[in-house]
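Novice: Chain residues, written in single-letter form:
2 protein chains.
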Amino acid sequence: MTESPLDPELARRLKRNADGLVCAVVVDHETSDVLMVAWMDDEALHRTLTTRRATYFSRSRQRLWVKGETSGHVQHVREVRLDCDADTLLVRVDQTGPACHTGTRSCFDTGERLLLADDGGPAGARPAGQV
Amino acid sequence: MTESPLDPELARRLKRNADGLVCAVVVDHETSDVLMVAWMDDEALHRTLTTRRATYFSRSRQRLWVKGETSGHVQHVREVRLDCDADTLLVRVDQTGPACHTGTRSCFDTGERLLLADDGGPAGARPAGQV
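The listed protein sequences correspond, in order, to chains A and B.
Residues in the first sequence are numbered consecutively from 1, following the UniProt record's numbering.
Residues in the second sequence are numbered consecutively from 1, following the UniProt record's numbering.
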């Protein structure tokens, strides 16, 4: 195994999956909308932290992928957090252009991606008189 | 393989990983903060969609897990979306109590989980006179 380019303490904390990757949830810094979910290996995380240009590991292409390298829809990284069990990253970015390769702002936009519509909250939380 | 309890069209769309799971990003409906990331198999998604009580598949315990079943920190599901490549869910919830088992509101809170602090945005975006 190649030595990790990460700080040794961080490299020790990270809980990678069987493919050596951690999940990265990418959030729009301005709106807090979740834009996309991607994956990082140690090298992708190292480059993301040191360059503030969001860099992922493409599972389909099996290589590093600088977001926007061909589309121009780059992400400037504002903040990176690790979750309580150290297998997921929260990456806040300034997004240039759409984040989704389909051209939508986020990967969760458009009607056919809605599986369950908002019910207005639990019944007990509704103002009296509303059904 | 057991037949999926999901609507056949949705069951056909879902891109599960090698363990039969899809990633679920859980967001606070009120604040839009990312609370946690968990995993769902078809049964967990089916129960989440039909009961609006967030239900996941625990990879460590290898069983279904109704969020809050022991802690009381349940999640009422407001909305569920699927992403463009159908391997990630975005689940908006009304969270009762803290979402994280460590007692913090989200799994990304607390200082030691911060890997990279906000730099205030790309240099070009800063008001003149600021460094």
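Keep in mind that a hint or two might mislead.
[Unchecked claim] Which residues of chain A face chain B? A few of them, derived with a C-beta cut under 8 Å, are: (1) 4; (2) 21; (3) 23; (4) 34; (5) 42; (6) 46; (7) 64; (8) 73; (9) 84; (10) 117; (11) 119.
Source of the hints: derived by calculation from the structure; they are not laboratory data.
Using N, Cα and C, we set each Cβ at its ideal position, and we do this for glycine too.
Novice: State for each hint whether it applies.
Specialist: Evaluated hints:
1. At a threshold of 8 Å, the smallest CB-CB gap from residue 4 (chain A) to chain B is about 14 Å, leaving the interface hint violated.
2. Given the 8 Å rule on beta carbons, the hint for residue 21 (chain A) is violated: about 11 Å separates it from the nearest Cβ of chain B.
3. Because the beta carbon of residue 23 (chain A) sits about 6 Å from the nearest beta carbon in chain B, less than 8 Å, this interface hint is met.
4. With its C-beta approaching chain B no nearer than about 6 Å, residue 34 (chain A) sits inside the 8 Å limit, and its interface hint holds.
5. The restraint placing residue 42 (chain A) at the interface with chain B is violated, with a minimum CB-CB distance near 13 Å, outside the 8 Å limit.
6. Restraint check, residue 46 (chain A) versus chain B: the minimum CB separation of about 11 Å is more than 8 Å; hint violated.
7. For residue 64 (chain A), the suggested interface contact is broken, since its CB lies about 18 Å from the closest CB of chain B, more than 8 Å.
8. A hinted interface residue such as residue 73 (chain A) counts as satisfied when its beta carbon comes closer than 8 Å to some beta carbon of chain B; here the least separation is about 14 Å, so the hint is violated.
9. With a cut of 8 Å, the hint placing residue 84 (chain A) at the interface with chain B holds, because the nearest CB-to-CB distance is about 5 Å.
10. About 6 Å separates the beta-carbon of residue 117 (chain A) from the nearest beta-carbon of chain B, less than 8 Å, and the hint is met.
11. With a cut of 8 Å, the hint placing residue 119 (chain A) at the interface with chain B holds, because the nearest CB-to-CB distance is about 7 Å.
In the structure shown, a violation is registered for the earlier hints numbered 1, 2, 5, 6, 7, 8, in ascending order.
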